[in-house]
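Protein chains in written order, with the working numbering: chain S, 1 to 242; chain X, 1 to 330.
Think of the hints as simulated: they come from the structure by calculation, not from any bench. Ideal Cβ placement from N, Cα and C applies to all residues, glycine included. Every clue listed holds true.
In silico negatives: residues of chain X with every beta carbon more than 12 Å from chain S:
| hint | residue |
| --- | --- |
| 1 | Phe67 |
| 2 | Val83 |
| 3 | Leu300 |
With a cut-off of at most 30 Å between alpha-carbon atoms, the simulated BS3-like pairs for lysine-lysine come out as follows:
| hint | chain 1 | residue 1 | chain 2 | residue 2 |
| --- | --- | --- | --- | --- |
| 4 | S | Lys62 | X | Lys131 |
| 5 | S | Lys186 | S | Lys130 |
| 6 | S | Lys167 | S | Lys156 |
| 7 | S | Lys167 | S | Lys130 |
| 8 | S | Lys115 | S | Lys130 |
| 9 | S | Lys156 | S | Lys76 |
| 10 | S | Lys76 | X | Lys131 |
| 11 | S | Lys186 | S | Lys156 |
| 12 | S | Lys76 | X | Lys127 |
| 13 | S | Lys62 | X | Lys127 |
| 14 | S | Lys186 | S | Lys201 |
| 15 | S | Lys186 | S | Lys167 |
Here are the chains, one letter per residue:
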Amino acid sequence: MKSGGGFILRLDDVRTDIGQYHVLHGVSLDVPEGGVHVLLGRNGAGKTTTLRTIMGLWRARKGAIVFRHHDITAMKTPDIARLGIAYVPENMGIFGGLSVEENMRLAASGGVFDKARLERIFALFPAMQKFWHSQAYALSGGQKQMLAISRAIIEKRELILIDEPTKGLAPSIIRAMIDAFREIAKDTTILLVEQNFHFAKSLGTTVAVIDDGRIVHRGSMADLAADAALQTRLLSLSLEAH
Amino acid sequence: MAALSATLSRFGGVYLLPVVLAVLSFLLIPFSTWATLTVAGLAMGMMIFLMASGLSLIFGLMDVLNFGHSAFVLFGAFIAASVLAALAAWVHGASPALNVAALLLAIAAATAFGAAAGWFFERVVVKPVYKDHLRQILITMGALIVAEQIILAVWGGVPIPVPRPRVLEGSIIIGNVAIETYRVFAFLLGLAVYVVMHMVLNRTRVGLLIRAGVENREMVEALGFRIDRLFISVFMAGSALAAMGGAMWAGYQSLITPALGAEMMILVFIVVIIGGLGSIEGSLLGAILVGLTANYVAFLFPKMALASNMILMMAILLWRPYGLKPAVKG
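Chain X with its partners taken away, still in its complex shape (with noise of 0.2 Å):
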């Protein structure tokens, strides 16, 4: 293990190993296919990583472990398909732009429904138990399955069909490599997402406080800052990504039920662990690296499709125990 770790470090450290897992798919998969699961894999992983990164930073900054994130997921992705439905002239329309501009529209109403319910999260659920772990998991548990019993109240139990927009459907083709058009779109949007969040955390004064009370927070209030006050605001922020991650995830499945939340819970929980706790980068590497495993293994390994990512959780765990690029500590 020390001596892959440097040789990685040599070749670009840890950044490196979503290229050596497509390289090594690479060799054993035709290149048509390899190139659409490559594609479907770095969309998935980019909307994990929506979901992923606020939960990343809420633990980080305010050491809360908070089971009820996915709880944002669920609500996005019903908000967004009830908004594509009320849409529906407008989705299946043929002018492009009413068609992304109702794709728009859902993700923003699941984007500020997630701020919201967020704030609502953290002042009502969250707050009452900071320091205290147990009681975290347990209450934060016990409102994702609330989350879950309002969506069957308000949506019922049966699947609700998610409509794509029109311009979204189908695949580009180039050669004889077929991409889906709506998972190009999922990609960008994570792309974009990910460069303004860097963006804000690198070269604003509140990013630099986030990066900080990561950190160490006491430090920073000592330094005379309010964290609880940023706090609310980076929840706020991380259960706006999770609904907007539904709201993408949900045209992505086409298909959606109120199971999703506990399903995106696993998921978000590998990412976070595999990239380490309090790191946006993080976050990206193992939501990519989980997109990619679960596409790759699906197609080369169908029966151990499920069971990937928590391999590959453990493998990494069993190299390096913080995680792939965990916030620096101190």
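One chain only, chain S, in its complex shape (with noise of 0.2 Å):
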């Protein structure tokens, strides 16, 4: 299988199991080239799951895995990493006994920084400047958060992966948070994990719904916000908590 036809990732029936449980059963996506394009689904859905599947954290079973024309289903993280994919998890997977300069270095290639791109993460999330020579544990999560995100932009990246990022975040962060990523976007594909439906349809592009290890829905994000009675089908179960 190529990528191809304007798609920057496809998965192709993709299955993974962790341990003895199956978790995903056959996930097929194309994820489009440019913008933000959103993985929906309940806990458990296997939403996070297929994030780890394509940064080769977990090994799919069965199916394809194609970023651009790499097949990089059995291909090693870092070497998945270095094809342009960044991954921002769940747990943000900052470094805390480093300092938030030191989180950033590491990214960086080479361990120097491009200052443009460094002045455009300053802009976007101010306290990034702020904090450069404070503890990475210090942090508050919102901050954490926009660490994680600025690591990921610190070189250019062909695609994103996030994790949802506005998990335990307050309305105020979150509106920033809208702002950083419609900035991200603009040269980036980022593919974004969340349950917060009101944040994803503030920035989706298109949208994917994941319940039960498969995807049951895929189209763009203005037609399911635009249509009440599909929303309540697909997602009342994992969203009206939202």
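Two chains, two frames, some hints: make the complex.
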């Protein structure tokens, strides 16, 4: 399988097991190039497993994952990352014992910052400049999320996988995140896993809904946002709490 | 305990513990004896630090429980003893430069062997049992037993005397305080190694990767780094340091047997557990505490000497279950 037709990432019948549990039962998903693409689903539906499988952190038992023209299904995580895919995990993956600068330096190519990108990050997230020399464990939850996203964009990436960035964040921080993601999506494709539909619909170009390890809906976010009945049918179980 | 923690934090945190221990002992022990014991404790602590620091990083970085770590200490001690025996003319000669050169060659031989053996051990013994703690414990303990048997086969079961270079024999006398020269050398060497490790970990990109890997190796891989390659380097460095510690310990003890590995394994694990896994600062702190406690208690309560470090470990774990300075996780 080759990605093409404007798709940056294609998953074809991907099946992933975690221990004895079959979590993904054949996920097929096309991620168009550019914009923010949202993967929605309830807890335990397979959203995080899908992202981790793309990143090679868990291995697909069957199926194929193609990023541009590279079959990354069996590639090691560092090699996948070097193709230009960044990953922001649900727990943010911040190195708490390192300073904000050191966290960022690790992600910068050769440990050298691109000044223009750094300035852009400081404009998006002023807290990063303010706490540049602070230990990351001392940051608030919102600041840690900003650091995780800043780290993902300190180098030019083709695709950023972001797992539930709004989890546990205050509404004011979420609004800042929306602005930041819009800016980032101007030159990078984002695959966003979310449960917060209001956040997702304000950003998403396309949406896929996953349930029980399978994609049960694909379409434009605008269509889903405009169709209350479809939302109820697809999302009521998982999203009404939000 | 909470009040003790808060008070300690105000005055320097856990780094004050060795000072508190030394001050308490100062009140109970005559000054000249206290000074001798303190230097002996610091020297012992530095040697144990050499042995323990690698183990702490190995566990922190790859979650590997290496009970075979003290095999490198054992080999380091015996290789150093053999080199010193072979260079007997230098060791006992009148030239201080040749005296020191003999010791440095012995340490270098032990360290080089430790690095090479570490590479072999990681590839052959440890790599097949990544992510499986039970098998790690069984196979690395088995490796320690095999190492002891190799030592027995090569060097025999008779205790081997380890000559000290002439320039490091005897003591430095300050007033009525006598300080063994070898202990001063051991302390300074350990301190120098710590400074180098600290600089590598805090001022180089490799050090940054190691510190990040200790916290979250999965995320380091997701940033594009092959942590398995980094791990081999850390494993070799840790094994080399253990062998260096063994070489120094051999001179400190003057007489070594194949049981040294098993004896040191207990001390090394106590230090790593007290200090907190994955932390060089923690290992140094734990090693100095263990060294000072062993010396003070051996003088004050000789019958408690063997149990003292176990009691220290239990007390610290009751207070801080993750050790004094564990690496920050996440």
